[in-house]
Structures are given as C-alpha cells and as structure tokens.
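Student: Okay, here's what each chain looks like letter by letter:
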Amino acid sequence: AQTIHQWPVAEIKAVGSPLSLGCTIKGKSSPNLYWYWQATGGTLQQLFYSITVGQVESVVQLNLSASRPKDDQFILSTEKLLLSHSGFYLCAWSPDWASAETLYFGSGTRLTVL
Amino acid sequence: GDSVTQTEGLVTLTEGLPVMLNCTYQTIYSNPFLFWYVQHLNESPRLLLKSFTDNKRTEHQGFHATLHKSSSSFHLQKSSAQLSDSALYYCALSDRGTGSKLSFGKGAKLTVSP
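These protein sequences, in sequence, are chains A and B.
Just so you know, we're using this note's numbering here: the first sequence kicks off at 158 and counts up by one.
Just so you know, we're using this note's numbering here: the second sequence kicks off at 3 and counts up by one.
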C-alpha cells in the first residue's frame, strides 16, 4: 500500500526566515506529486506539481519554490517567509497523469509565520 | 480558465434532514472530470465521489451526485444527514487538457446538529 509522509507536522517561523517542507511517498513508483496551500478558512490552492524527478511546474507564484530531488520526494521551500505564507500545506500524489486526477493527501504541515 | 462555483460558507442542518450542496463548473473541455472531496476537522481532504460520465449517478458512503453536462452541474446529495457528516466539502474539476491541474471550489462547511 502507498503511504505519504509529510514533515514537519507544524512550524512557527519568523518573517524573513527560510522554510523547508517535505514529503515522501512510498509504495508507488513515479507518482505525480503536488503541493497545495490552504489558508485558514480558505480553499485549496495548487502551488506546484511534478510528474518526474527534477521537473516541477509552478501553478501560482507565492514566493515559494519546489523541487523533486528523488522520485519519491517533494520539497517546498523559500528563503524568506512572509506573513501571508501562514496556512496549511498539503502534499498530495496521484497515480496517473492521463486519467481522472484522484488525489491522495498527506497529513499536512501547519505553518504560522509571526 | 476553468472554474468551480459551489455552495459556500456555513451550511447547518438538523440530523436526519437531506443534504444538498450545489456545484457548477465552467470549462472549455467537453469531457471534464468532477470530484467531491471531504475534509473532516484536523484531517486532510479525501476523495468522496468522482465522475466523468454524463447523466450517471455515482454513490459512496450514502452520498450521491450526478454529472449533468447540459447544466454543468455536479450537486452532492444525501437523503439523511448524520452527525458524522459534519465537515468541509469541496467540489473540484479536473482540467485534463492541460494535465494535472485540479480546480477546487471555495468549500462548504457542513454542520449537522442533533
């Protein structure tokens, strides 16, 4: 069975500080990977997606970047956090590029920027 | 671009009453995939229903929805609400033409009271 693990569970960071969030998917080779952001009380906004190692597409510009250094790993980062970065970050995977996009979400990282 | 308009904000029901959450969409693609995701408190979203077949009812866990391409709708229904149905519900649309981009509606927070 496939498992998705996100880290850390929660972060409290200062404005201007760097950030790195990660997720790992086990049990599925070459998954499609996604980063989503959910502001408090807000909808799910797709940030990035990746269909293969080393290839990441940006959907929304929020002064964040993403990388896929390994087939099973997806990293979200920034060098300078803004207050507006606060929220809930979700990593997700889907099994197939061509078929219906059923997403399987990780447990998320709650980020508070002060 | 693609967009999803759904019942938003707070929806409060008494246990036993029917549930109806509206979802309409706009897309240039003739074969969209529609989804309902549910997110319980302090959990990640998970798939509830999906459909790509016109006029065919799809059901899961007591919920059902029918994709109607003629009216661009995919309303979520349940005959009798339960306390455990209290959650955030998101309607989503898959833009298969441009690959992996799932557009979410703004979400509806359903609260079922005794």
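I should point out that these hints are in silico values taken from the structure, not numbers from a laboratory.
All C-beta atoms, glycine included, are put in the ideal place defined by N, C-alpha and C.
One or more hints might be untrue.
Selected chain A positions facing chain B (Cβ under 7 Å, derived; list incomplete) [said to hold, decoys possible]:
(1) W164
(2) P165
(3) T200
(4) S215
(5) V217
(6) S264
Student: If a hint holds in the structure, say so; if it doesn't, say that too.
Tutor: We went through each hint and held it up to the structure:
no.	hint	verdict
1	W164	violated (14 Å)
2	P165	violated (15 Å)
3	T200	holds (5 Å)
4	S215	violated (11 Å)
5	V217	violated (11 Å)
6	S264	holds (6 Å)
Violated hints for the displayed structure, listed by number in ascending order: 1, 2, 4, 5.
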